[in-house]
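Novice: Sequence:
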Amino acid sequence: TDYLLYIPSASVYASSSPWSYNSCNCASTSTCGYEAPIRRYPNQTVTFIVPGFYIGCYVIESLLKSNLKCFYNQKCITSLQFHFSGTIPFNATSLNSTSTTRYFQNSTIQDLLNYLMVEEWDTTENYTSYYADCRPSQCVYTYTARNDITYIVTTLIGLLGGLMTILRLLVPPTIKFIRKKCSFRRRSESDEPEQRSVGSLFTKLKLYIATFNMFPSIPPSTSNYVLQNQRISTRVFIILLATILVILSIYNSVGTITKAITVKTPTLEQYLHLYAAYPQTLTCPCTEISVEYAKFIEVYYSFHQVCTSDFIGKEWIRYVASSFTYTTVWRSDFRWTGASLFRALRTNCQLMNTTVSDNLERFYSEEYVNAFLSPPELFSSQIYALSEQFKTATISSRLLAISMMRDTTQANALYTTQLTNFNLQGENANNMIVSESVVYDDCRCDISSKCVLPSGIYDYRTYATQFMVPGVYYGCYVIESLLQSNLQCFYNQTCTNILTSYFSTNLRFNATALNSLLPSRYSVESTIQDLVNDLMMEEWRTVGNYTSYYAGCRPAQCVYTYTARNDIIYIVTVLIGLVGGLMTVLQLLVPRLVTFVRKACTFRRFNRDASGQYQSSVTVTKVKQYASAFNLFPSIPPADNAYDLQNQKISTRVYIILLAIILVFLLMYNSLRTLTETVTVKTPTLEQYSRLYSEYSETMTCPCTKISVKYEKLVEVHYSFHQVCRSHFVSEKWIDFLALYASTTKLNYDDFRWTAKYTFQALRAFCQLMNTTISDNLKRFYSEEYVSAFVTPPELLQSQVQGSVEQFKTATINSLLLSLSMIRETTHGNSLFSGLQINYYLYQTPDRELSPIVRNYGNCSCASSLTCGYQSAVRDYGSHRVKFSVPGFYVGCYVIESLLRSNLQCFYNQSCVSTLQSYFTGVLQFNATALDSSLTS
1 TDYLLYIPSA SVYASSSPWS YNSCNCASTS TCGYEAPIRR YPNQTVTFIV PGFYIGCYVI
61 ESLLKSNLKC FYNQKCITSL QFHFSGTIPF NATSLNSTST TRYFQNSTIQ DLLNYLMVEE
121 WDTTENYTSY YADCRPSQCV YTYTARNDIT YIVTTLIGLL GGLMTILRLL VPPTIKFIRK
181 KCSFRRRSES DEPEQRSVGS LFTKLKLYIA TFNMFPSIPP STSNYVLQNQ RISTRVFIIL
241 LATILVILSI YNSVGTITKA ITVKTPTLEQ YLHLYAAYPQ TLTCPCTEIS VEYAKFIEVY
301 YSFHQVCTSD FIGKEWIRYV ASSFTYTTVW RSDFRWTGAS LFRALRTNCQ LMNTTVSDNL
361 ERFYSEEYVN AFLSPPELFS SQIYALSEQF KTATISSRLL AISMMRDTTQ ANALYTTQLT
421 NFNLQGENAN NMIVSESVVY DDCRCDISSK CVLPSGIYDY RTYATQFMVP GVYYGCYVIE
481 SLLQSNLQCF YNQTCTNILT SYFSTNLRFN ATALNSLLPS RYSVESTIQD LVNDLMMEEW
541 RTVGNYTSYY AGCRPAQCVY TYTARNDIIY IVTVLIGLVG GLMTVLQLLV PRLVTFVRKA
601 CTFRRFNRDA SGQYQSSVTV TKVKQYASAF NLFPSIPPAD NAYDLQNQKI STRVYIILLA
661 IILVFLLMYN SLRTLTETVT VKTPTLEQYS RLYSEYSETM TCPCTKISVK YEKLVEVHYS
721 FHQVCRSHFV SEKWIDFLAL YASTTKLNYD DFRWTAKYTF QALRAFCQLM NTTISDNLKR
781 FYSEEYVSAF VTPPELLQSQ VQGSVEQFKT ATINSLLLSL SMIRETTHGN SLFSGLQINY
841 YLYQTPDREL SPIVRNYGNC SCASSLTCGY QSAVRDYGSH RVKFSVPGFY VGCYVIESLL
901 RSNLQCFYNQ SCVSTLQSYF TGVLQFNATA LDSSLTS
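In terms of the UniProt record's numbering, the sequence shown opens at residue 1 and continues consecutively.
To be clear, the hints were calculated from the coordinates, so they are not data collected in a lab.
A quick note: this is a predicted structure, and the numbers were derived from the prediction, not measured.
Some clues are possibly wrong.
Stated by the list, open to error - Below, a list of computed lysine-lysine pairs in the DSSO-like style, where the Cα atoms sit at most 27 Å apart:
(1) K391 x K65
(2) K706 x K682
(3) K706 x K779
(4) K809 x K779
(5) K713 x K682
(6) K391 x K809
(7) K710 x K809
Could you build the full structure based on these sequences and the hints that come with them?
Specialist: In structure tokens, the structure reads:
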């Protein structure tokens, strides 16, 4: 449908010329076509035109332009079926035009494909299932409120004792001092000398210190011994209290604390200022932990200038396609392949643009995940890394797709209508056509798709070289030729003008050469392969907008910490809280200890000669007397009747008993009471985490400072391929061995020896393709991130990572199989002709045109199914008799399809391999070793 094949008169080799649909030539574009007619043979009279359906250069292109208008109309379908005469009856029912649809009856198949042919997407969210899988262990919330009454009362009680004690000590002396000072000023007119007044004041101060008594007895004692006890107690009390307070003051003032400061809803300027001051401790939790790349990343890119030049325009391609008549140039002539080369170049430019645009749209929809605001420097480095990962992934995926297309094209031995990989030769005896591989110097197209020779302009009659086009090649396939060519000539206006001077056409086109002075990452002699390896891009620049990222993160607060000494307010508050308790304890203990010590010393001096029994008796007696007379509630003035004194003593005992009971109760309550305590371990090591997790697995949580970790840091995937991928059977020498015999011997189309060279090329291509696919996808997998706000326990991490690896394996396999399936179906859908003539064979009509006839394998037709086939065998050429059936191997419509159905049964058996080799007789010797069936697989 794209080229007409024919054998020129006085020649046995076929030639070709492109079909034209109205004024559109298939050499210029693949989208030519018109509404599909049904014609009466042989006069070509149109009997019916199928509304909305097109026929053109390629079946797939025609289908994409077509619509289903006819198939919504039962009358149209009946008229169409009338022209199909066959033995199988079929009653086709029209599509329902009344059903609800997003498409129109005249919507093209391309319109349907743009939406994956989906009518409706219906998504249902199940929050209950999500919550059940989430299984939150706890929920924490905060709210703002005033201090409750319990906290207020507790705090006041804690401070009240200290304040009252301090004020009780300070206020009376202060008032007394002030009043004395005022009295002294009123007597300022006295004639007493100043020095005498100062001396008198000093004497009074010494007397005051000497007689200062904080523990006067009630009633006041006149005993020097008792007074001395009280004064010593006072001094010990003051010294102890001062010493303790000084120690506590020094401890609290020297000690450091870590202070956490919270800044609510900080602006970007505030954040940058805080980050400059506290880069190590500043954290700002994001209110949105995931921000779409589109909000803060902009990728700028541009393509090589050829992609915007005249040389990929439709006018230029049409100009080149019409530059000759197909009967006046050789296949090695630039004019023969030129239009196809520039069509391929145009397609590559469009493909790369679409690839980058589509992948960039997906990249923009992905999200940057981080629980905390990333600092500017980290943000910049991560944006650069993301950009490089995206660029590398885009390039590798596109190159993989191109490689797959190239490999399957060669493996299926697809025939080029420009006759650059197969020669078609007519046999006069039965009008059948024989195909043979084209040879470029010592390179055969049946062994390698990359065979090329320099392209030029030649005189058709003498084959004399008129002009060699610098940097341009022709070979087995247009794509392979293009990838090895460069644009050297098209940077030179003179070269371009000389080239176009050989174009004989009525069209006029002034092509402007590429500008060699423009900045470029490529050289003039860079091949198209070099350009394609970088998606033909000149520039790739990624700009991250930190302001936009900050706005997307929207930190509600920023917290930073710093180390500082306790401030004066804190120190004073602590001392006040402690002084009351200290003074109370000291007031109870010091006087009694002093009295006890002095009495003990006196007792020992005067009773050294007394017996031990007598001393013990006296001590016990004194203790009993002290306990009996102990009174914490003496009245002022002292009670002189026994009843009041007894009340005071009973009150003292009740007080002590109740206080002891309450203290014991509180002690028991607090010791038996269980509390939920939160223990924080700063920067724990893995060993500490493991130990703590073994003890507190149910309650322990460890927030991550970085919630996303690349998989390359978590897992290492090792893989190995089937042994056939490193065996003799995918080596170049083995394929040469197979090809040499097939090129020198006449063979049947379904003979194993005829298809073997392509079969094992396909097998080798699969091995290489799988290796590249896994390697490239593994790089992308490693660059992805495992996201968790908390440290994941080892067992859970292992299962989750293993799950991710399984998903990666499944996605890689499915993606590859989908791409391969698409290529297979497109190849069959376009009815592309195999140069091995295994899906169609050609015969010569009386008017010397070549007409295809579909192959059948048993009852299966290659026109309706691409999987037709049967067991491959070595056959006798004349009788078609089977000499040797190759166990597990098939032959069918396409080499790839036959290979996918085949197995390696024969190649695990040395005897089978040797028998098979015995049918390949030639000058090239090869000792193939069978696969090892004992290896684990």
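Novice: The structure should be examined with respect to each hint, and the outcome stated for every one.
Specialist: Structure-based check of all given hints:
{"no.": "1", "hint": "K391 x K65", "verdict": "33 Å, violated"}
{"no.": "2", "hint": "K706 x K682", "verdict": "15 Å, holds"}
{"no.": "3", "hint": "K706 x K779", "verdict": "22 Å, holds"}
{"no.": "4", "hint": "K809 x K779", "verdict": "13 Å, holds"}
{"no.": "5", "hint": "K713 x K682", "verdict": "23 Å, holds"}
{"no.": "6", "hint": "K391 x K809", "verdict": "22 Å, holds"}
{"no.": "7", "hint": "K710 x K809", "verdict": "17 Å, holds"}
Hint 1 from the list above is the single one not met by this structure.
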